[in-house]
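J.: Letter by letter, the chains look like this.
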Amino acid sequence: MSRRALIALVVLAIVACALPFVVSNYRTFQFTLVLVYAIALLGLNILTGYNGQISLGHGAFYALGAYCTAILMDRFGVPYWATIPVAGAVCLVVGFLFGLPALRLEGLYLALATFALGVATPQLLKYHLLEKWTGGVQGIVIMKPSPPFGLPLNPDQWLYFFTLAIAAVMFILGYNLIRGRIGRALVAIRDQHIAAEAMGIHNALYKSLAFGVSAMFTGVAGALGAVAVQFVAPDSFNIFLSIVFLVGIVVGGLASIPGALYGALFIQFVPNIADEISKAAPWAIFGVFMIGFVYLMPTGVAGAVRLITARRRAP
Amino acid sequence: MKALLVGVMATALSVPAIAQKKYDAGANDKEIKIGNTNPYSGPASAYGQIGKAIAAYFKMVNDQGGVNGRKIDFVSYDDSYSPPKTVEMARKLVEQDQVLFLFQTLGTPSNTAIHKYMNTMKVPQLNVATGATKWNDPKNFKWTMGWQPNYQTEGRIYAKHIMATRPNAKVGILYQNDDYGKDYLKGMEDGFGAQASKYIVAKVSYEVSDPTVDSQIVQLQASGADTFFNITTPKFAAQAIRKAYDIGWKPVQYLNNVSISVGSVLTPAGLDKSVGLITAAYLKEPTDARWANDKGLEPFRTFMKKYMPDANIADNFNIYGYTVGQTLTAALKQCGDDLTRENVMRQAANLKSLRLETLLPGIVITTTPSDYAPIEAVQLQRFNGKQWELFGDVMTSQ
Amino acid sequence: MDALLHQVLAGLATGGIYASLALALVMIYQATHLVNFAQGEMAMFTTYIGWSLVEAGMPYWAAFFLTVGAAFVLGVLIERVIIRPVEQAPVLAVVVVFIALLLILNSVTGWIYTYTIKTFPSPFPTQPLFGNRYLSSHELGAIGITLVVLALLYCFFRFTPLGLAMRAAAQNPESSRLVGIRVGWMLALGWGLAAAIGSIAGMMVAPIVYLDPNMMSGVLLYAFAAALVGGIDNPMGAVIGGFVVGVLENVLGAFVIGNELKLSVALVIIIGVLLVKPSGFFGRVQVTRV
Numbered sequence: 001m002s003r004r005a006l007i008a009l010v011v012l013a014i015v016a017c018a019l020p021f022v023v024s025n026y027r028t029f030q031f032t033l034v035l036v037y038a039i040a041l042l043g044l045n046i047l048t049g050y051n052g053q054i055s056l057g058h059g060a061f062y063a064l065g066a067y068c069t070a071i072l073m074d075r076f077g078v079p080y081w082a083t084i085p086v087a088g089a090v091c092l093v094v095g096f097l098f099g100l101p102a103l104r105l106e107g108l109y110l111a112l113a114t115f116a117l118g119v120a121t122p123q124l125l126k127y128h129l130l131e132k133w134t135g136g137v138q139g140i141v142i143m144k145p146s147p148p149f150g151l152p153l154n155p156d157q158w159l160y161f162f163t164l165a166i167a168a169v170m171f172i173l174g175y176n177l178i179r180g181r182i183g184r185a186l187v188a189i190r191d192q193h194i195a196a197e198a199m200g201i202h203n204a205l206y207k208s209l210a211f212g213v214s215a216m217f218t219g220v221a222g223a224l225g226a227v228a229v230q231f232v233a234p235d236s237f238n239i240f241l242s243i244v245f246l247v248g249i250v251v252g253g254l255a256s257i258p259g260a261l262y263g264a265l266f267i268q269f270v271p272n273i274a275d276e277i278s279k280a281a282p283w284a285i286f287g288v289f290m291i292g293f294v295y296l297m298p299t300g301v302a303g304a305v306r307l308i309t310a311r312r313r314a315p
Numbered sequence: 001m002k003a004l005l006v007g008v009m010a011t012a013l014s015v016p017a018i019a020q021k022k023y024d025a026g027a028n029d030k031e032i033k034i035g036n037t038n039p040y041s042g043p044a045s046a047y048g049q050i051g052k053a054i055a056a057y058f059k060m061v062n063d064q065g066g067v068n069g070r071k072i073d074f075v076s077y078d079d080s081y082s083p084p085k086t087v088e089m090a091r092k093l094v095e096q097d098q099v100l101f102l103f104q105t106l107g108t109p110s111n112t113a114i115h116k117y118m119n120t121m122k123v124p125q126l127n128v129a130t131g132a133t134k135w136n137d138p139k140n141f142k143w144t145m146g147w148q149p150n151y152q153t154e155g156r157i158y159a160k161h162i163m164a165t166r167p168n169a170k171v172g173i174l175y176q177n178d179d180y181g182k183d184y185l186k187g188m189e190d191g192f193g194a195q196a197s198k199y200i201v202a203k204v205s206y207e208v209s210d211p212t213v214d215s216q217i218v219q220l221q222a223s224g225a226d227t228f229f230n231i232t233t234p235k236f237a238a239q240a241i242r243k244a245y246d247i248g249w250k251p252v253q254y255l256n257n258v259s260i261s262v263g264s265v266l267t268p269a270g271l272d273k274s275v276g277l278i279t280a281a282y283l284k285e286p287t288d289a290r291w292a293n294d295k296g297l298e299p300f301r302t303f304m305k306k307y308m309p310d311a312n313i314a315d316n317f318n319i320y321g322y323t324v325g326q327t328l329t330a331a332l333k334q335c336g337d338d339l340t341r342e343n344v345m346r347q348a349a350n351l352k353s354l355r356l357e358t359l360l361p362g363i364v365i366t367t368t369p370s371d372y373a374p375i376e377a378v379q380l381q382r383f384n385g386k387q388w389e390l391f392g393d394v395m396t397s398q
Numbered sequence: 001m002d003a004l005l006h007q008v009l010a011g012l013a014t015g016g017i018y019a020s021l022a023l024a025l026v027m028i029y030q031a032t033h034l035v036n037f038a039q040g041e042m043a044m045f046t047t048y049i050g051w052s053l054v055e056a057g058m059p060y061w062a063a064f065f066l067t068v069g070a071a072f073v074l075g076v077l078i079e080r081v082i083i084r085p086v087e088q089a090p091v092l093a094v095v096v097v098f099i100a101l102l103l104i105l106n107s108v109t110g111w112i113y114t115y116t117i118k119t120f121p122s123p124f125p126t127q128p129l130f131g132n133r134y135l136s137s138h139e140l141g142a143i144g145i146t147l148v149v150l151a152l153l154y155c156f157f158r159f160t161p162l163g164l165a166m167r168a169a170a171q172n173p174e175s176s177r178l179v180g181i182r183v184g185w186m187l188a189l190g191w192g193l194a195a196a197i198g199s200i201a202g203m204m205v206a207p208i209v210y211l212d213p214n215m216m217s218g219v220l221l222y223a224f225a226a227a228l229v230g231g232i233d234n235p236m237g238a239v240i241g242g243f244v245v246g247v248l249e250n251v252l253g254a255f256v257i258g259n260e261l262k263l264s265v266a267l268v269i270i271i272g273v274l275l276v277k278p279s280g281f282f283g284r285v286q287v288t289r290v
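Protein chains in written order, with our numbering: chain A, 1 to 315; chain B, 1 to 398; chain C, 1 to 290.
Hints are supplied without guarantee of correctness; some may be wrong.
Only some residues are given here: those of chain C computed to face chain A with a beta carbon under 8 Å [said to hold, decoys possible]:
hint: 1; residue: G57
hint: 2; residue: P85
hint: 3; residue: L92
hint: 4; residue: L261
These aren't lab readings, by the way, just hints derived from the structure by calculation. Every residue, glycine too, gets a C-beta built ideally from N, C-alpha and C.
Based on the sequences and whatever the hints tell you, model everything.
T.: Have a look at this one:
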């Protein structure tokens with residue numbers, strides 16, 4: 001990593017750590033959600049941005065992670081921090097399994113298959129045979145975790161730091177993945193999959209792996225989201241969530257790690273801004289913002305940032 | 001002389017101080033800040049009309065001088081019917097905007113998501129806009145109160161009516177696959193009790209995202225049911241009523257209270273196709289010919305013309321918003337100058353037979369510290385092709 | 001048996017709804033190689049325009065054709081003003097613009113017209129054909145109109161030079177320009193035609209499901225599925241796909257797994273079909289050469 005990027009990272013870390021002590025609890029809660037979405041978007045970006053497999057159904061993995069946590073905490077009394085890796089593992093496996101048949105599908109057809117997954121998710125969660133665990137339409141209420149070891153933090157601040165720590169781990173994981181052999185293989189498959197196969201990259205394995213890893217990231221995000229909001233219900237995980245994730249990675253910047261953070265900021269705060277501007281048609285304002293961002297920055301915020309810094313560096 | 005002076009002073013000192021003004025966050029001499037979340041976007045945005053109606057109502061109240069001289073500042077945020085968003089907006093209202101209390105937050109899952117939070121923060125979650133039963137639990141959740149007659153009660157009333165009038169009925173049920181639909185369903189099943197499996201021959205669901213319920217109606221006809229409990233929201237209710245008629249299925253039909261509007265459900269379905277529909281109601285229906293000249297509805301009609309000229313008076317949500325706004329205004333008036341959250345809750349739980357003219361005759365609003373269900377009474381009515389005809393007595397959930 | 005027949009026929013009726021929107025999706029794909037997520041909302045919005053015309057007193061067919069024309073113009077305008085600037089952007093960015101369009105149209109319609117349902121008139125007689133109780137005359141008529149539009153589309157693409165030019169422009173813009181095809185206008189024309197077809201779909205659907213801003217949201221998924229299952233570049237496939245999806249959905253829901261999982265199972269089956277025939281039943285298999 002370049003010197004500039006390292007400095008930017010250090011500044012970001014300092015700001016992130018200082019945040020909960022400077023702003024109100026409510027804002028801390030909002031930024032916890034930003035971190036959650038950033039992890040989810042990073043997951044989707046691995047699949048769609050770096051590997052070129054379009055997914056319109058990642059809300060399903062987010063829901064799966066959230067419900068894992070909720071069920072483990074509520075029905076089995078598992079402490080919140082132990083549920084996170086379980087949620088990740090479950091989503092890794094399910095994502096990989098979903099990725100296997102998805103191998104046969106390209107572009108539009110994969111989009112439809114994942115779209116179907118996203119649309120079916122609330123219905124599956126409401127299914128009466130699963131009601132014993134999922135709580136059906138009533139959902140599951142989760143207890144708010146309190147800071148351990150008597151740390152002088154309030155629950156919101158503790159949750160923020162917990163999420164921040166996990167986000168840092170996930171981002172480092174993602175960074176290493178992308179920069180390493182696997183990441184290069186994924187990109188090669190995206191750009192020229194025949195050449196990639198010819199060069200010895202096992203396309204099928206890597207594509208399914210991409211699905212699994214991507215699902216894992218989003219599942220961990222879902223688990224953290226459930227703990228932050230303290231409630232899961234089937235209709236919170238409808239197709240609109242999946243669509244918003246896609247919008248997030250495009251606006252943030254495809255195939256970009258910081259893009260996940262920019263995208264998360266966008267999908268968390270812009271709907272609120274839209275609501276302030278117009279109560280009568282808030283979605284319309286949100287849509288206008290989306291179009292505006294895409295016009296001004298077709299490669300996402302990350303792309304625009306790259307352009308600006310590149311221009312600065314060039315003499 | 002001295003005695004007189006002492007006497008006067010003693011009297012002056014012993015007169016209780018005039019009720020002092022007491023305020024919690026969000027209330028002061030000039031205004032009362034009230035928070036709300038409603039789905040103004042997303043698939044449930046039709047319900048957002050309630051929020052708009054309430055906002056218009058408070059505007060009228062303010063134009064008429066406010067409550068005890070204080071203007072109402074009604075702050076409403078969009079939550080897209082998504083519980084995580086509701087949590088975020090509720091926290092914003094309580095922690096950032098510092099409202100006195102939340103009023104008419106809409107949706108069962110949305111309210112469930114903030115239920116514990118509101119009670120932990122000791123902020124009233126008043127008159128929530130859902131028909132679920134769980135809001136009437138003052139022992140465990142002292143700060144949460146519902147308003148409308150709950151769905152399970154309505155379902156039970158229909159079941160009891162069926163058992164009393166047609167003991168050999170075969171009931172088919174169409175329900176929306178969410179908390180609203182399932183609550184009604186549970187009410188009916190509980191109403192039949194042990195005989196539920198004898199009465200109910202078919203239970204068929206639909207999703208809000210389905211384009212039509214035609215297939216479901218065909219299924220219900222095929223099940224041999226001769227009684228139909230129609231648990232659908234307005235669009236699907238109209239489809240169901242019309243399709244049942246078109247395929248020649250003529251069951252005794254019970255229509256849930258959410259979709260009883262003559263103007264926005266029965267007319268599109270076809271007035272001739274809606275003959276014989278039975279429902280339980282608590283509000284007057286403004287487009288019903290029976291109330292065309294009702295003096296009690298005049299203030300409402302004037303309100304609609306002046307403050308919501310573009311809205312559709314046939315839309316139930318408008319009269320609903322108006323009536324619940326009036327309920328709150330009455331409670332706030334009772335608070336006088338003590339606008340603490342504790343007192344707001346106390347007065348909301350202290351409405352003694354409040355009569356509002358938009359409610360059906362015989363129905364009043366009553367709350368006590370152990371009874372957090374403001375409206376418990378409904379009356380059955382049957383549609384005769386032109387208007388709803390009340391029959392039977394006003395029934396309460398007892 | 002009667003119940004099964006009834007469900008199948010009801011399925012054909014809803015299938016007709018999916019088929020008509022699927023045609024619009026195929027149209028836009030043929031012209032631009034993109035799937036327009038906002039197609040349903042555009043259809044819904046133009047149907048509201050038709051409704052306003054009828055409410056203002058215009059006779060049905062006059063309003064119908066005026067609406068189709070207005071929809072065409074709207075489609076062209078959207079292409080020129082909103083889509084043109086992002087033409088060079090990555091595909092997903094264009095998809096985001098479609099999504100934004102969807103949100104804007106849905107929200108603005110709800111704001112202007114409110115969410116109360118409206119009735120939309122039907123040009124067909126109210127009496128069912130031969131007094132049958134399975135399909136109303138309108139449902140039969142709507143299916144008929146869908147087939148007419150299908151036939152027109154088929155002829156347009158197969159037999160007219162303009163249709164050929166449009167397909168060429170979508171498939172290979174560079175070469176098309178070299179032979180003198182105005183690629184830009186082909187795109188605009190494609191959008192206009194797709195919007196027009198969408199408006200016809202909307203006006204046929206509205207009398208069955210009632211007009212409200214969320215009228216098409218449920219239909220879009222099934223239309224999408226129908227178009228892909230039938231082969232995204234084949235209008236006939238899309239229509240057949242629509243009917244298949246409609247019947248499958250109804251029969252599954254009524255007899256096999258119940259309504260609670262109807263959506264999920266129907267979609268699983270669709271995915272299953274795609275796994276077996278990745279380009280849909282009637283689609284042309286995409287061959288990529290190195």
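J.: Just to be careful: measuring from the Cβ of P85/C to every Cβ in chain A, is the smallest value less than 8 Å?
T.: 6 Å, holds
J.: Interface hint check: L261/C, Cβ to nearest Cβ on chain A, cutoff 8 Å. Holds or violated?
T.: 6 Å, holds
J.: The hint names L92/C as touching chain A; please verify it with the least Cβ-Cβ distance against 8 Å.
T.: 5 Å, holds
J.: Verify the interface restraint on G57/C: the C-beta must sit less than 8 Å from at least one C-beta of chain A.
T.: 28 Å, violated
In summary, the structure is inconsistent with hint 1 from the numbered list given earlier, while agreeing with all the others.
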